[in-house]
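Residue numbers (my numbering), protein chains in the order written: chain A, 1 to 593; chain B, 1 to 317; chain C, 1 to 344.
The reader is advised that the hints may include incorrect statements.
[Said to hold, decoys possible] When the alpha-carbon atoms are kept at most 30 Å apart in a straight line, the in silico BS3-like pairs for lysine-lysine are as follows:
| no. | chain 1 | residue 1 | chain 2 | residue 2 |
| --- | --- | --- | --- | --- |
| 1 | C | Lys263 | A | Lys319 |
| 2 | C | Lys183 | A | Lys319 |
| 3 | C | Lys181 | A | Lys319 |
| 4 | B | Lys35 | A | Lys344 |
| 5 | C | Lys202 | A | Lys78 |
| 6 | A | Lys344 | A | Lys78 |
[Unchecked claim] If you anchor each label on the Cβ, the simulated ranges turn out as follows:
| no. | chain 1 | residue 1 | chain 2 | residue 2 | range |
| --- | --- | --- | --- | --- | --- |
| 7 | C | Lys263 | B | Tyr126 | 36 to 44 Å |
| 8 | C | Val63 | B | Val164 | 35 to 43 Å |
| 9 | B | Val58 | A | Asp406 | 20 to 28 Å |
| 10 | B | Ile26 | C | Lys263 | 45 to 53 Å |
| 11 | A | Leu421 | B | Val164 | 21 to 29 Å |
| 12 | C | Ile150 | B | Ile21 | 42 to 50 Å |
Simulated from the structure, these hints should not be mistaken for lab results. Remember, predicted model here, so these are calculated numbers, not experimental data. Ideal Cβ positions, reconstructed from N, Cα and C, are used throughout, including at glycine.
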Amino acid sequence: MRSFVSKLLIATVVLSLLAVSLAACGATPEPQVVEKVVKETVIVEGTPEVVEKVVTEVVETEVEVEKVVTATPEPTNKIVTFAWTQEPDSMNWVYSNMWFSSILQQLFHCWAWEFDDQNLPFPRLVTEIPSMENGGLSEDGLVITMHLRDDIVWSDGTPITGEDFVFTYDMIMDPANAVASVYPYDYIASVEAPDAQTVVVTFSEPFAPWQSLLWRGVMPKHILEPVFEADGTIDEAEWNRAPTVGCGPYNFAEWESGSYMRFVKNPNYWAGEANIDEIYLQFVPDDASQTAALIAGDADLGTFPPISDVPILEAGDVKVMVQSSGYEEGWFFNFRDMASPGAKDVVVRQAIAMAIDREAINQDLLLGLTKPVETLWDPIAAAGYVSPDIEPWPYDPEAAKQMLDDAGYVDSDGDGIREDLDGNPLTLIHGTTIREIRQDNQAVTQQYLREVGIDLQILSYDSDLFFGSYSDGSPAALGEIDIMEWSDSTAFPDPDQNYWLCSELPTDENPWGYNYFGCDEQLDALFQAQITTIDSEERVAIIQEITKYMHDQVYWLGMWDDPDMWIVGPRLTNVTFSGVTPFYSIIDWDVVE
Amino acid sequence: METTGETAAIGWGEQTSTTVITWRQIVWRRFRRHKMAMFGAIMLVLLVGYCFGGALFVSEEYANHTDTSLVLQPPSREHPFGTDTVGRDIMARTIYGGQVSVLIGLSAAIIEVVAGVLIGALAGYYGGLVDGILMRFTEAMFTIPQLFLLLVMAKFFAGKIPTVELLGRTFSGSVIVIVAIIGLTSWMYLARIVRADFLSLKEREFILAAHTIGTRNLAIIGRHILPNTMAPIIVAATLGVANAILSEAYISFLGLGVQQPTATWGNMLQTASSGFHKIQNAPWFWFFPGMLIVLTVMSINFLGDGLRDALDPTTVT
Amino acid sequence: MTRYIIRRLLQAIPLLFFISVILFVLMRSSSDPVATMGGRRVMRPEDRERLSRQLGLDQPLYVQYLYWLIGNDWTAIDVDGDGVAETPGTQRGVLRGEFGKSLVVRGEQAMDIIMERVPRTLLLMIPAEFVIILFSLVVGIFSALRQYSIADNVITAVSFVGYSMPIFFIALVSMYLFAVKFKEWGLPYLPTVGMFDPQMGKTPSQVMLHMVLPIFSIAFISIAGYSRYVRSQMLETMHQDYIRTARAKGLQESAVVFLHALKNASLPLVTIIGLDIPLLLAGAVVTETIFSWPGMGLLFIEHVSRGDVPVVMGILMLISVAVVLFQLLTDVTYAWLDPRIRYE
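Let's have the full structure, built from the sequences with the hints guiding it.
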C-alpha cells in the first residue's frame, strides 16, 4: 500500500515538473535582437565592427528592461498597432505573393517608384519616372533607362546604387533561388548599371506593362551576396525572415512568430522622418478578434472586416476606408470543348447575366459596400480602359426567359429546368472556393437561375485544389467546371491580362497552362496586341475593344468589386492608402491622443 | 446463451405452464428498467420524427429558399429559429440538415460495423499470419488520431464525387465521402473487441463439435460464433452512430465536411463561428443546430448505455 | 521488462514506417502547394513549372517519399531545368532528423516551425490533463459514494450531456456566456481568443487568463466521460469481498475508500488516460481553431489546406510517435503500479 501511494506520488511529481518546465518554456518570450531608438543596432552579415559593439550593449539592457517597455510606453513615443489576420510567410518580396506580406514593403523597404491614392506612379528611388519624353524609354520601347537619386541609402548607411538593381535581377533569374515568380524579369534581355546612379533595362520585345511590374523592391547586394556565395542560394537567408537592413521609413525590429512583428522609425531615412515612432503588427487569430481589438481601441488599423461587422465598427468610431485595387469578383465562363453545351452558348450566358439581381446581392449580402461591375477592368481604378459603349446587363428575368425561349430552350418535361434542342437539360456546374461569402452567393444565384429555368450545380473546393494545375487534376484546369468564381485583377495598375491567350490552354503538352476558359481567336489576337503596344493611346483603344467584346460575349460576368477595405481607428490621422502600394504615405500618418 | 422459445417438455402435456421467456425478452425487461435509456429512446423517436416527419410540413425547396432581404433575422413567428446569412429559414434547414446528419450517422455506423466485424472475425478466427497482418494494419490506423485521418482523407477525396440524388433529395457528393471516411476510420475499436471475443470463443467445445461434423468455416463464423458476440457489436454500433454524427460535426466545422448547399447540423455550426457579429448578436444561428446535435448524441448515448447494461448482466450500474 | 520494452520499440518501427507511407501518399496526391503561391492571382505556368522543379514536386511520388525519408544530399537534382541533374541536394531526410523545408513558410525548416508551436499546445494540454484527472477522480468517487442520491443523478445527467457535446459547442457557449455576456452585464469577464492581449504583452498572467476557457472546454467533456468510468469502477470495487472484510474489521470509511478501493479502481484509469494524451493533441486542432491559440493544431489546419507536406507530415509523425511512446509508457506504468502484472 505504501509503495503504491509513493509510486503514484512519484509519477505525479515527475509529470508536474514536466508540465511546469514546458509551460515555462512556452510562457516566457525568447529575447530577440531588439532595436532601440537611437542607433542602428543590428547584427548583420558583413557589417563593420563598430555596429556590432553597439549591438551587444543594447542586447544586455534589453532583457531587463523588456517588460517595462512593452507594458508602459514612454509618453513621447507614438506607437500604433495594426491588427493582422494573416502572418506573413516571408518578408522577402521575391519569395512571397501573400498580400499581408507584400503590403508591408512600404514600411521598411522601397520600390523604384510607388503609387499614390489615385494609383498613379510617383518616383521613389528614381529621380523621375522613365518615359519617352524624358528619354527614359527608348523609341522602340525596348530600353528603359533609370536615373537613381544620389541621396538614397540603406538603413545601415550603405548607398543604394545600380549594383543593387543588377544583383536583384541576377538573384531572381538564378535557378538556384526558388522565387515565387520571375515575372516580368524573364522578358528582360539584360540589366546593366553603367554607373552607380544609372540602371539600363533592355527588353527583348516591347513590354507594355513594365511600369506596374518592374522593381517592386530591391535586394541589398552587400547583405545577400555573401550569403549567396556561401550557400549557393538565398532561399534560406536570415534576411528573408529578419530584413533588418531596409530602405524605408521604418526598420524591421523583431518578429515573434504567431504573436507580433515590430517596426521602429528609421532615423536615417533619406526622405525625412516619420511621425509615428513604432508600428506594432499584432497577429490576431481571426476576424472576430480583429473587430474586437479595434472597437476596444487595442488596435488602430485592420483589414478586410467581415461585412456583418461593419455597422458595429462604424458605431465604435472606427472608419471604414475603401480603396480600389483593381480586384473584382466575377464569374469566369468556360467555353472550351469539354464545357457543358449551355456554357458554350452565348445566348445562355447573356440570359444568365440578366437573370441575376446583382444589385440586390450587393445591397443585402454585402451591405451596399460594393457595387456590381461589368468588366475585369475596375470602373474606378481603371476607368479609362473600360469601353464607354458598354451597357450594364439589367436585372430582367423576363427578358432572359424570352431569350432562352427564342433560342429553343424549353422546359419539355415540366421539371422546371429547360432542355436544349437535343433534349439535354440546361445544367451548368459552378465552382468556387470555400469562403463563406462565395458559398452564400452560390446559394442565392442558384435560386435566381432556377427561376428562369437554368439548373446551377454548385461545388466548392479548397483553394489549392481549385487553383491547382492540369497535371494535378484540378477540376478547373481540366475544364470540368463551367463557371468559376473568384476575385482577380489585371496586372494592376496596368490593364494587362493574359488568362485568355490561346497558347495558355492546358493540354498534355502544356500541363501548366492557365487558360481554363477557352480560345477565342479574335480575343486572343487583341490580347497579344495590347502587350506589345507601347503607344498608350493605341493601347487604350485595344483594351476598350477587349472590354466591349468580353462584355457582349459574357466571357466574364462581374458580381461585385473587391476593393481593399481598411478599418482605421480614431487615433490615426492623415491616413491615405494606395491600391498598389497601400502604405505609400506612412511617413505622413500621425496620432492624436 | 440462446434459449429457444419452445416448451421442450416431453410428456408433461398441459400440466405445467411455465412461461418461457426468450433472451430478447430478458434484455427488453432489463432495458425498460433503465430510466435514462428509455428517456433516450423516446427522445430519439421525437428527434427522428422532427427530421423526417417535419419534412412533410416543410418542403426542401423552402429550406433552400434564399431571400437576401431577410438576412440574419432573429426568431419570429414566421421563422421560429430565425434566418441565416442568405435569408433561409433556420428551422427548415435544421429539419433537412437533421436528415443528412442522421443518415450520415447511420450509414457510417453500418460501414464501421461491417468493417470492424469482418476484420476482427477473420483475425480472431484464422489467427497466425492473417491475424498478424490485420492487427498490424489495425494498429497503424489506430495510432493516427481519427481527426487527423479524417482531415487528410477529406482533402484527398474533395470534389471527386458529384451530386447524387437519393430518396427524392439531392445531396452534395461530399456526403458520400464523409460517410465513407468516417466509417473507414472508426472500425478499429470494434475490430479489437470482436477479435478478442473470437479468440476466446473459438476454443469452446461447441465450436469443436461443429468442426467435427464438418461445418464449413464461414458457417461457423457466421452462424455459431458471431451471434454470441452480438452484445458488444450492438453497443458499438449504437455508440458508433453518435460518434459519426459528432465526427461529421467536427470536420464540417473545420470546413472540410459536407459542402454547401447541402445542410447538416455540423456545417450550420461552421458558418456560425466566423464573425464576432454572429457569436454575439445572432446566437440563434449556432444555438439551434448545436442543441440538436447535443440532444441527438445524448439520447443515443443513453440508449447505448442502457443496451450495454441490458445485454451484459455482469456490469454494475 | 527491459526485453519487453525493447521488443515493443522494435515493433513500432515498421508501424511508423507504414503510417508514414499512407499519410505521405494521401497528402501529396491531394494537394498542390504551388497553386496558392500566386497570392491573390493565378500562378503563371512558367513559374509553376519552375517552382515545381525547384521544390522537387515534379518527381514521381515514390522518389519524393524517398527524398523525404532519407534526403537527397547523396544525389544530384536538376535545378535549372535543362533535364540534367547537376546540383547536389541539400535535404537530409527524416531519418536524420530533418523534415524538410516548409513549402508555405519559405526558407524555414519544418522542424523549427513545428517545435516553435509545440510548447504552446502542451501549455494547454498538460494543465488540461491534470484538471481532467483531478476532477474525474473527485466527481467519480463522490458520485460512487452517494450512489442513487439526487446529487449522483444530477451528476450523471450532466455527464451525459457533457460528453455528448461537440467541443466547439461548449466553446461557443462558454465564450458567449463568460466573455461576451459577462462583459455586457458588467461582471468580470474572460478574454475570447488568442494567447494573450496585444497591448498587455505576453505575460504569464495574461497567458493564464487566456488559458481558462480553452482548458475548461476540453476538460468538461473528458471529465464528463471519465467521472462515469471512475464511478463504475469504484462501484465494482466497493462490492468486492475484501472491502467488506475491511469494513468488518472496523476500518474507517475514508481508509476503506482511499486506501483500498481507490487504488484498485484507478488502475484502469491509468490506461485510459495514458492513451488519451495523444488524443488530446488531436483535440488541440479544434480547440485551437476556435480560440485561435497559436499551437500545433492551428498550424496543422493552416498548412493542410495549403498543401505544406513537410510540416503536415512532421506533425503527423510526431503525433504517431507520441502515441506509440505513450502506449508503451502506459503499459509499463500499469505493470509498475500493479504487482500482479508481469510482462516478459
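Hint check:
1. Lys263/C to Lys319/A: violated, 63 Å
2. Lys183/C to Lys319/A: At roughly 24 Å apart (the allowed maximum being 30 Å), Lys319/A and Lys183/C satisfy the hint.
3. Lys181/C to Lys319/A: holds, 26 Å
4. Lys35/B to Lys344/A: violated, 64 Å
5. Lys202/C to Lys78/A: holds, 21 Å
6. Lys344/A to Lys78/A: Measuring from Cα to Cα gives roughly 59 Å; hence the hint is violated.
7. Lys263/C to Tyr126/B: 36 to 44 Å: holds, 40 Å
8. Val63/C to Val164/B: 35 to 43 Å: holds, 37 Å
9. Val58/B to Asp406/A: 20 to 28 Å: violated, 37 Å
10. Ile26/B to Lys263/C: 45 to 53 Å: violated, 35 Å
11. Leu421/A to Val164/B: 21 to 29 Å: holds, 28 Å
12. Ile150/C to Ile21/B: 42 to 50 Å: Hint violated: Cβ distance 34 Å, outside 42 to 50 Å.
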